[in-house]
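Engineer: Order-wise, the sequence lines are chains A and U. Residue numbering for the first sequence follows the working numbering, starting at 946 and increasing by one per position. Residue numbering for the second sequence follows the working numbering, starting at 1463 and increasing by one per position.
Derived from the structure by calculation, the hints contain no laboratory data. No experiment lies behind these values; they were computed from the predicted model shown. Treat the hints with care, as some may be off.
To spell it out: a stretch of chain U is covered by chain A in this simulated footprint if at least three of its residues, at any positions, have a beta carbon under 8 angstroms from a beta carbon of chain A; those stretches are [to be verified]:
no., stretch
1, 1501–1510
2, 1551–1562
3, 1566–1574
4, 1597–1603
Don't be surprised by glycine CBs; every beta carbon is placed ideally from N, CA and C.
This is what each chain is made of:
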Amino acid sequence: MNRRRLLLGLGVVLFGAGVAELVAPGTLPVPVAESLLTEVGGLTLLCAAILFLLGRGERLRHTDTPEVEMSAPTVPPGADLESVLDGFPGPDGIRGEEFDTRRRRLTEAAVTVLTRLRGLDTERARERVAQGEWTDRTRAAEYLADDLPEPERELTLRRLFASETARERSRLRTVDAIAAAAGVESRDDGRPRDGAGSDGAVETGTAGRNSDSGYRRTGNWAGVSLVMLVCVGAGLLLGRPAVLLAGAAGLGYAAYARSTRLGSVDLSVSRSLGETDPDPGDQVEVTVTVTNNGGLCPDLRLVDGVPASLPVTGGSPRYGTALRAGGSVTFSYTVRAAAGRHEFGPMLVVARNLSSSVERERLVAVESEIRAVPSPEPLRASVPLRHQPTRYVGDRVTDTGGEGLGFRTVREYKPGDSLARIDWNRRARTGELTTLEFDRERAARVVILLDTRQSVRTGPEPEGPDALKRSVAGAQRLFPALLDDGHQVGIAAFGGGECYLAPDTGTRHRERGRELLASDPAFQAETGYRPRPWYWIPRLRATLPKDTQLLVFSPLLDPKTVRLVRRLEAHGHPTTVVSPDPTATETPGNRLMQVRRRLLVSHLRGAGVPVLDWGPSVSLDELFTREVTAR
Amino acid sequence: MSTDHRIDHGPTRPSSALALVAAVTTTAAGVYSPVAFAGCLVGGLVLVTGLAAGEQRAVTTGSAILVVAVLTGGAAGAPIVATLAGVTGALLALDLGSTALSLGEQLGRRAPTLRLELVHATASTLVGLGIVTAGTAVHSAAAEEQPVTAVLGLVVAAVVLLLALRRVDTVPD
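The shape of chain A in the complex, shown without the other chains (with noise of 0.2 angstroms):
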């Protein structure tokens, strides 16, 4: 500080008497020797050198904004192949052992897949494998087999010099080859699709940023000293007073860049909505204002915090402006509603002062909330429910007699049938007593089981909808199609019992249930709701009243899935798996995770709980309709 004062007034002094010179010569009694310009003009080029090799690497930095426009990406699941392959089941069970290396893992999964989907006994898998013989691609045959005659192995320089980045091609070729010996093939060779997903995370909402940067130098005006020490030293070293003279721009650009400030910036947000509970799709205004009430901001950018979730639909969240002390600027932008909750971010600032030298980022606080609860339409398709008798009416046929609607058998009649039932005509024609028996209807009870967490946010479109969203407009659409067949029904989420609606019938409890399916956090894209983890499953198991019956959407990512429902199932809830399919077949990875999914799938299967696959482009009234008609 101290150095900067003498240094300045130093300049100052120096200035004044060289315009004192300049004006009446020979004012200062120093005698300069001619020869001593050119020195000082080489000694200032000298510095010019040195500041422009250290500011070489110095960059022009701004604040980065989120891309805010858009909603949050889709990605498919398997972008992290070990964590595909650690979860791989074996060829003996769902859980497959654990091996230190990849290439044992790898062989493991190449013997999975060859017994589970190919039918080979495990001996004959392995055997296959290590000689070579399962799959007709040459490198990942060899990449897998141990056995092989020492000549076959040939020992090229590009073996001996293989690095780390061609172990690894060969790793990923193999993992296609277990992929193609599985069925999945990549649909466009393997070249990633363009689109937001490719090239790694977006950021898409305000929300987790700092919310004060600090003051930051931009370095707008780096470089305009060197203009002027470049004209100085060139000036004094060629004698043109032009040349020495344009220094002067330099001079007076780096003064304007450190002399203006940038004050504090207090300014106020308010955010009006067009429609806060909108239905699904419909277009809602979002009108912003911002208001100063600090001193006069000359450079503001503004970015609205627009949900995640959410897509801008018409305008521009992102407004820049000077604002005087007091004023207040307004801007409006529509983004299209999706369903489910959607909460606003703060609004992200961006302050600069008047040369544009140094800025600020700060976070404005301002709470919004879009709720946009779906009136589905319900299914129409006859929900594919498991044979379970209760004490309830309803219209779940079951396979014993009673009392009811459909015509069943007539029967003899013994001593306690009701008089109703007694088939009056036959004793009028024949004289004998008959009871008449009809189907008994009965209702269900059902709870339909959502998996809501993180890892389930996955779809294979990049602009298409998560499985947790395909379960959720399932579940909106399931729910009062149940409860129009007499069902008594519930919701549930995986995670513990936060979110839980005991089954029940009326029309309170259907409008419940759609609030629930709308607004819940575990249901929400973008509020970061991480269930507990495992030890809520108990809990859950004690929640559930008997002789309830399950309805679980789950994509079947993860064999801690499939072992949860074989548990809900043997602990006496009949469970039936609605799987949305989020799996895709960009990457070797996406391939790998189709297989897993396939082979836990045909796992639960196997273990007798009906699975009906999601495919993406299928409606749930077709997938129900074909599984019915199935069965």
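Once you have looked at the hints, place chain U on chain A.
Structural biologist: The following block gives chain U in isolation, referenced to the frame of chain A:
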């Protein structure tokens, strides 16, 4: 607008246009020497390429070429005011181009930013005009034959002032 792709992050148009105007001004100041004029054309072209491609490096390089070209003109005998105005214009083009780029990156082309850009451009241009005016005034006030002492005093003063300014932090403590 597509809902699933990123917005257009190209440089904003008003500042880009103003940066071009500044570059043209600089080129006009380079007419005194054919070499300078050619250099200015090249610099302007690089600047335009940078603005079209949204590449900061090209914008900086273009401005640097403009500065060097104008100084070449000055060394070859261009008038003092033209040289000063040319260098000022080149720096102004750099500033406006960088502003267009950073605004495009941060807010995109669709966002309304005109007011911010006009305020920024006006301030920078006024500073530039001030510099040219002050430089011309100092030059005309000076005696015909400048004494070496005076020139040296001024130069050293300027360098010292610049060094002092480099230590000034616009960031408040």
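Engineer: With reference to the structure, classify each hint as holding or not holding.
Structural biologist: Comparing the hints with the structure gives:
1. 1501–1510: Per the Cβ count (0), the hint is violated.
2. 1551–1562: holds (count 5)
3. 1566–1574: Three-residue rule met by the stretch 1566–1574 of chain U, so holds; n is 7.
4. 1597–1603: holds (count 4)
Hint 1 from the list above is the single one not met by this structure.
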